[in-house]
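*Asks:* Protein chains in written order, with the numbering used here: chain A, 670 to 874; chain B, 670 to 874; chain C, 670 to 874.
By construction, these hints were calculated from the structure, which means they are not laboratory data.
Small disclaimer: the values here were computed from a predicted structure and weren't measured.
It is possible that part of the hints are untrue.
Chain copies aren't distinguished; within one or between two, either way the pair holds.
Taking lysine to any residue pairs in the SDA-like style, the calculated list, with each CA pair at most 25 angstroms apart, reads [said to hold, decoys possible]:
{"id": "1", "residue 1": "696", "residue 2": "862"}
{"id": "2", "residue 1": "778", "residue 2": "731"}
{"id": "3", "residue 1": "778", "residue 2": "839"}
{"id": "4", "residue 1": "696", "residue 2": "778"}
{"id": "5", "residue 1": "778", "residue 2": "733"}
{"id": "6", "residue 1": "696", "residue 2": "822"}
{"id": "7", "residue 1": "778", "residue 2": "811"}
{"id": "8", "residue 1": "696", "residue 2": "755"}
{"id": "9", "residue 1": "696", "residue 2": "759"}
{"id": "10", "residue 1": "696", "residue 2": "825"}
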Amino acid sequence: MSSVIVFLDFFGIAVFAMSGALTAGHKQLDIFGVLVVALIACLGGGTLRDVILGAHPVIWVANPAYLYVGISAAMVVFVLARFVSLPLRTLEVCDAIGLAFFTLAGLQKAQSLGHSADIALLMGLMTGVAGGILRDVLCNEIPLIFQREIYATAAIAGGALFLVLQGLGVAGSVALFLAMATILVLRLTGVFFGLSLPRFLLSKP
Amino acid sequence: MSSVIVFLDFFGIAVFAMSGALTAGHKQLDIFGVLVVALIACLGGGTLRDVILGAHPVIWVANPAYLYVGISAAMVVFVLARFVSLPLRTLEVCDAIGLAFFTLAGLQKAQSLGHSADIALLMGLMTGVAGGILRDVLCNEIPLIFQREIYATAAIAGGALFLVLQGLGVAGSVALFLAMATILVLRLTGVFFGLSLPRFLLSKP
Amino acid sequence: MSSVIVFLDFFGIAVFAMSGALTAGHKQLDIFGVLVVALIACLGGGTLRDVILGAHPVIWVANPAYLYVGISAAMVVFVLARFVSLPLRTLEVCDAIGLAFFTLAGLQKAQSLGHSADIALLMGLMTGVAGGILRDVLCNEIPLIFQREIYATAAIAGGALFLVLQGLGVAGSVALFLAMATILVLRLTGVFFGLSLPRFLLSKP
């Protein structure tokens, strides 16, 4: 079980770093820019969570292996992208797995620090989506997550389900599995059917 | 007195959340984007202040009611904007009240943590304006506050007046009232007369 | 020796504040915007480092003199720019000195807090370049550092050299001098010969 969690953790870091590298690549950044954007995409959410909760040392200061995984994943994309066209759908499926894992990891970290259910849910959401928001801000784009098919909604629904199951006394690993599956299914539904949330409409004067 | 302060605090949160929701709305964000931008607009200044001062738990982790007020205010705007054209002037008056209250609340929090007058003044300013700056950065705009009629200047003037009155031994509630009135009057003068600060001019080569 | 360090510290703050003021000026910000961007350019890197490491009080809360130096330098640029055309090359040379000093100051601060070599190197880099990144994000630009001739590379090379010399038992002041000289020479080579890192290339589908 524990080795599955370690695998998912590094897997999430790697795919989020790849999404950062690709976004930076579309802006024609140099390799340093690509690495910075990739690291912020994969570690920004966890860093923001830890800094706001005052949970020092932050995740990658405590364990620099996260940095090396993120840098390696970004380098792979930097090199590969010169030769092959990366399949967007594959990346979106990986990203959905990363979202599911990060959200629940962030939620559980906040709980382990003694925070209430609402703060834990928000911290899970922040861990899952803040990296992507910072990535887009750095690349001078309005965050994709604010405009895209069901993304944060999936994270919120999965996080809330986990809290409900936990409240009902369901075993931790079962609750975790069901919550992650919920996030994955909702997010992939969004990807494959192009579902979006209602947009803000201004009444015409 | 204390219930007035609680009211002003939540009132400030609500109007800043509304300003965030409207800015996000002009960018056609979806409802999740609107909520995130609204929360960052109303809580970003206080969060940044608390994180920089190392004052954990940060304001809304200590009291999640702030989150609910911000979310509710943004939802009201999200729904209302479909039906009515929101009066800009009304919002700007509310925003001026929020600015006045947030600036002095931030200043006093820094003082209560034992910081000197200059750091307290800067923290008051940060509490009042950083949310609006982050809101605009997230929406991919140059912050309005950097280009607008007297805004930060009003906050600085009111904060400085409070420190001077305090130094002269004036009673806290009187100093607070005069400082808030100063911010309000200066800011509304800016709104209604369109006054601006001098811009940066480059000499032509 | 120690007075040289204090001088370099304030010199770095001043030149980074000037770079912020000039960037803000090109965007026609008002004087408040110019001051905020200047302060974030000169203090953003150190603030981010201290907040991530949980090293409170952060640098300018501990010593507000940094604020006054940054504000003064920005005001000088704000006034001077109306009358004279500022020589870009001079500014870039000053900026290179600031980069060299900030990188090594940040690296040594992280070491003094007991962090490992890789985290110290990253913190040095962050101290040297994060202010410039935040400056450009606030001005709604893709960070120049992501697209420019050798900049971060110079900081990384100098920081790494310092760590190697330290590991070899070279005296601290000698290692410091050689590392700063390396950053300066590399950065100025980039400036005067227009060298750049390879950009991200996408294979054409």
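*Asks:* Now, for every hint given, state plainly whether the structure supports it.
*Replies:* Verification of the supplied hints:
1. 696 x 862: between (27 angstroms within a copy, 24 angstroms between copies)
2. 778 x 731: both (14 angstroms within a copy, 17 angstroms between copies)
3. 778 x 839: within (19 angstroms within a copy, 42 angstroms between copies)
4. 696 x 778: Answer is neither; intra-copy 34 angstroms and inter-copy 34 angstroms both fail.
5. 778 x 733: both (18 angstroms within a copy, 18 angstroms between copies)
6. 696 x 822: Between copies only: 20 angstroms across chains, 28 angstroms inside a chain, cut-off 25 angstroms.
7. 778 x 811: neither (29 angstroms within a copy, 33 angstroms between copies)
8. 696 x 755: This pair counts as within: shortest intra-copy Cα distance 16 angstroms, inter-copy 30 angstroms.
9. 696 x 759: within (21 angstroms within a copy, 29 angstroms between copies)
10. 696 x 825: Between. Shortest inter-copy distance 23 angstroms satisfies the 25 angstroms Cα cut-off; intra-copy 30 angstroms does not.
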